[in-house]
Amino acid sequence: LSPACELKGHTDWIRGLDFSLPISVDGGSDFLFLASSSQDKTIRVWRIALRELPSNAQATSIQNCISMMSYIEGPVFTVADSTYQVSLESLLVGHDDWVYSVDWQPALIMDDSKKGWIQPQSILSASMDKTMMIWKPEKNTGIWTNMVSVGELSHSALGFYGGHWGPHGDSILAHGYGGSFHLWKNVGSEQEKWQPKVVPSGHSGTVTDFSWSRSGEYILSVSHDQ
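Numbered per UniProt numbering, the sequence shown finishes at 226, counting up by one with no gaps.
Hints are computed from structural coordinates only; laboratory data are not their basis. All of these numbers come straight from a predicted model, not from anything done at the bench. Any given hint could be a false lead.
[To be verified] Result set (BS3-like, lysine-lysine): computed pairs, CA atoms no more than 27 angstroms apart in a straight line:
1. Lys-139 / Lys-41
2. Lys-8 / Lys-193
3. Lys-185 / Lys-8
4. Lys-136 / Lys-193
5. Lys-185 / Lys-139
6. Lys-136 / Lys-185
7. Lys-136 / Lys-197
8. Lys-139 / Lys-193
9. Lys-41 / Lys-136
10. Lys-8 / Lys-197
11. Lys-197 / Lys-185
12. Lys-8 / Lys-41
[What the hints assert, rightly or not] So the derived label-pair ranges between C-beta atoms look like this:
13. Leu-50 / Asp-12: 27 to 37 angstroms
14. Asp-225 / Val-25: 20 to 30 angstroms
15. Thr-78 / Val-199: 38 to 48 angstroms
16. Lys-139 / His-168: 32 to 42 angstroms
17. Glu-217 / Glu-192: 32 to 42 angstroms
For each residue, glycine too, the CB sits at the ideal point set by N, CA and C.
Generate the whole structure from the sequences, applying the supplied hints.
Following this line, the structure appears as structure tokens:
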């Protein structure tokens with residue numbers, strides 16, 4: 001295996017990566033988003049889109065075009081017979097400590113025109129600053145902003161090692177350094193209103209990861225308490 005491309009920007013260790021499902025805006029071609037989180041306290045959203053070159057271009061012209069696009073927008077890489085362009089969609093700044101995880105909202109919205117699911121443009125981030133944030137692009141400007149922020153004020157809370165959406169996209173669950181879980185549920189209808197909920201726990205050491213079952217009826221968690 002050989003590297004396809006290199007994405008530069010973070011200035012410290014990268015702690016989390018998550019790809020979106022294919023997204024189409026205003027009837028355009030599908031593209032992917034890659035969200036990355038880092039110990040530099042930032043989140044970067046990368047856009048991966050198919051790059052269409054003129055069919056009658058000569059080999060030299062194609063190579064020059066790719067080189068120029070790489071300089072302006074970002075890396076270009078080829079898979080099979082398709083060429084893709086990577087560009088930085090947005091830099092998200094808001095956390096005050098290491099950002100341990102990023103998680104795209106589950107694709108739950110039915111698209112009648114394609115008779116399938118579409119990917120909501122909504123990212124959940126969890127940080128050692130004891131908060132989780134939900135990031136979305138504004139409808140008018142398309143600028144990504146922090147729409148929701150939840151967290152713990154207790155001095156005994158030592159930050160979040162990760163956060164995940166519930167399987168239906170109406171709840172968010174964080175796991176922490178001290179072995180605890182923290183749950184919020186959206187109880188709003190037209191406007192989002194996130195309220196904390198009681199959640200069982202039991203770990204006596206740091207919870208390092210967890211995953212929802214496909215049915216959404218239970219979770220599997222792992223911890224340093226063995």
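Tested hints:
{"no.": "1", "hint": "Lys-139 / Lys-41", "verdict": "holds, 25 angstroms"}
{"no.": "2", "hint": "Lys-8 / Lys-193", "verdict": "violated, 36 angstroms"}
{"no.": "3", "hint": "Lys-185 / Lys-8", "verdict": "violated, 35 angstroms"}
{"no.": "4", "hint": "Lys-136 / Lys-193", "verdict": "holds, 15 angstroms"}
{"no.": "5", "hint": "Lys-185 / Lys-139", "verdict": "holds, 23 angstroms"}
{"no.": "6", "hint": "Lys-136 / Lys-185", "verdict": "holds, 18 angstroms"}
{"no.": "7", "hint": "Lys-136 / Lys-197", "verdict": "holds, 23 angstroms"}
{"no.": "8", "hint": "Lys-139 / Lys-193", "verdict": "holds, 19 angstroms"}
{"no.": "9", "hint": "Lys-41 / Lys-136", "verdict": "holds, 18 angstroms"}
{"no.": "10", "hint": "Lys-8 / Lys-197", "verdict": "violated, 39 angstroms"}
{"no.": "11", "hint": "Lys-197 / Lys-185", "verdict": "holds, 7 angstroms"}
{"no.": "12", "hint": "Lys-8 / Lys-41", "verdict": "holds, 15 angstroms"}
{"no.": "13", "hint": "Leu-50 / Asp-12: 27 to 37 angstroms", "verdict": "holds, 31 angstroms"}
{"no.": "14", "hint": "Asp-225 / Val-25: 20 to 30 angstroms", "verdict": "violated, 45 angstroms"}
{"no.": "15", "hint": "Thr-78 / Val-199: 38 to 48 angstroms", "verdict": "holds, 46 angstroms"}
{"no.": "16", "hint": "Lys-139 / His-168: 32 to 42 angstroms", "verdict": "violated, 23 angstroms"}
{"no.": "17", "hint": "Glu-217 / Glu-192: 32 to 42 angstroms", "verdict": "violated, 24 angstroms"}
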